[in-house]
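Colleague: Each chain, letter by letter, is given below.
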Amino acid sequence: MEEFVLMKGNEAIAEAAIRAGTDGYFGYPITPQSEVIEYLAAAKPQERTGMVLLQAESEVASINMLYGGAGAGKKVMTSSSSPGISLMQEGISYIAGSELPCLIVNVVRGGPGLGTIQPSQSDYFQSTKGGGHGDYNLIVLAPASVQEMADFVSLGYDLAFKYRNPVMILSDGAIGQMMEKVKFKPQQPRNKKSPDWATTGKTPDRERNIITSLDLDPARQERFNNKLQAKYKEICKKEVRYEKIQCDDAEYLFVAYGTSSRICQKSMQMAREEGIKIGLFRPITLWPFPYNEIREMAGQVKGMLSVEMSAGQMVEDVRLAVEGKVKVNHYGRMGGIIPTPDEIVEALKQKIIGG
Amino acid sequence: MTEEIIIAGFGGQGVLSMGKILCYSGVMEGQEVSWMPSYGPEMRGGTANVTVILSDERISSPIINSFDTAIILNQQSMDKFESAVKPGGLLIYDGNGITRHPERKDINIYRIDAAEEATKMGSTKTFNMIVLGGYLKVKKLFKLESVIKGLKKSLPERYHHMIPVNEKAIHRGMEIIKEVATVS
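The listed protein sequences derive, respectively, from chains P and U.
In this text, residue positions in the first sequence follow the numbering used here: the first is 131, and each later residue adds one.
In this text, residue positions in the second sequence follow the numbering used here: the first is 23, and each later residue adds one.
If you're looking for bench data, these hints aren't it; they were derived computationally from the structure.
Built from N, CA and C at the ideal position, the CB exists for glycine as well.
Mixed in with the good hints there might be a few duds.
Stated by the list, open to error - Which residues of chain P face chain U? A partial, calculated answer using Cβ under 10 Å: (1) VAL135; (2) PRO213; (3) GLY303; (4) GLN307; (5) ASP378; (6) ARG392; (7) PRO471; (8) ASP472.
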């Protein structure tokens, strides 16, 4: 049996990547996620599974290496942090437009621009609303522990290949840098067989496989757009993931993901000691967003506080979800500052209970 | 049982690795653990701190602002974290370089002159293990054998020959820690 090990979130992603049978990792170092490539380099995945590990010359190059590898039907991934992910947006849009699976990890730091190297959640809009151009969506998974950093690698690949769609793990500097216990799944072998859509060379028994995001005929392009949208609709129906903590008797609700959801659990303990019945709703998929499940909570609670390390991004989706039925407010810190548990309890009192 | 600890000092004192050994010791005894470093443009000589939580239950927030125990290893950290100890909590500090000693009356205060002792022992690198020993004397969190196992887990194999020296340092820390003031 595998035993628990103590690891940073970034290291857990790297080990999980090898174990998930990744064919290729392409990346460029940036704080606060450099431990991913550092760990991989030390772990010598080329000797363990034959996995390719390549430090690209830039983030633009890494994402296009993913595009190529994914086109060949390979399990490929990259990781970066906010400014690096911004550089990748063109490639991400092309990969989505070519319906290719891949895994992109964003260990978010404060922005805009080079911002800071401290944790933030200010890339929510970029990840969930299409950071690149065109009508597309990424499947976005938000881990809240080191264990989930590891688990979401294989989950991410499963979803990516099931829907032929890029998947993003949206983490932040705090989860990337902190250590917790983690247990890994056993080593999965790398896939020997390519998917039937992969461009691995034409054989006489089939037509050519073409991977492109370009179609100059508007009618055909619209048909393709409709097909993409139908896929997204199916994902919204089937792949919403979330966690509800102490929601049964809740009169108020925190809505928070990732690091913020962890801090809110402490705030929840503190508030409950004061007799405030508060629950926590934690979206695990940020896209598809759990609109229906949050709407259901709107009938039960008197108010919701969306807690994010941003100026207030997810709060817009929470408001969309509740359709004005209940008061929704935002509390957050920016610039790499992590809100403290008591600060959040105070915000709950002022912005929701008393406000 | 939940123990929320901040260890704060200079970069290079072994603050982060001391936290890691505590975590691994907890893992050896089946506890839940979290280790949250201050990370940033820090380096040898700059400030460094780590928040460690050991618990029998699932850990909620790895980021907290009050602590059961503060282990303080320089003046900047004293200024920053003395006030963050919960009433009735524990403050352990190394007197080396401290110009303003802790003043709170509602917490338990212990002093350990580990920097001086490490020099005497001829290995300044054992400093953090002396402090760890002192802490484990005051708070009997684990069996010593779990700590040694934790030490083994957190040290790369090439440093395993250093384990006896570290073990000796832990014992020395247990001997030299001094009570300054306690509340019942």
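Colleague: Does each hint hold? Answer for all of them.
Modeller: Comparing the hints with the structure gives:
1. With a cut of 10 Å, the hint placing VAL135 of chain P at the interface with chain U holds, because the nearest CB-to-CB distance is about 8 Å.
2. Hint on PRO213 of chain P is violated. Least Cβ distance to chain U is approximately 16 Å, over the 10 Å limit.
3. Among the interface hints, the one on GLY303 of chain P holds; its C-beta lies about 7 Å from the nearest C-beta in chain U, closer than the 10 Å criterion.
4. Taking 10 Å as the C-beta cut-off, the interface hint given for GLN307 of chain P holds, the closest approach to chain U being about 5 Å.
5. At its closest, the beta carbon of ASP378 of chain P sits 18 Å from a beta carbon of chain U; the interface hint therefore is violated under the 10 Å criterion.
6. The criterion of a C-beta within 10 Å of any C-beta in chain U is met by ARG392 of chain P, whose closest approach is roughly 5 Å, and the hint holds.
7. Interface hint status for PRO471 of chain P: upheld, as the beta-carbon distance to the closest one in chain U is roughly 6 Å, under 10 Å.
8. Hint status for ASP472 of chain P relative to chain U: holds, with the closest Cβ pair at about 7 Å, below 10 Å.
This entry does not satisfy hints 2, 5, going by the numbered hints stated previously.
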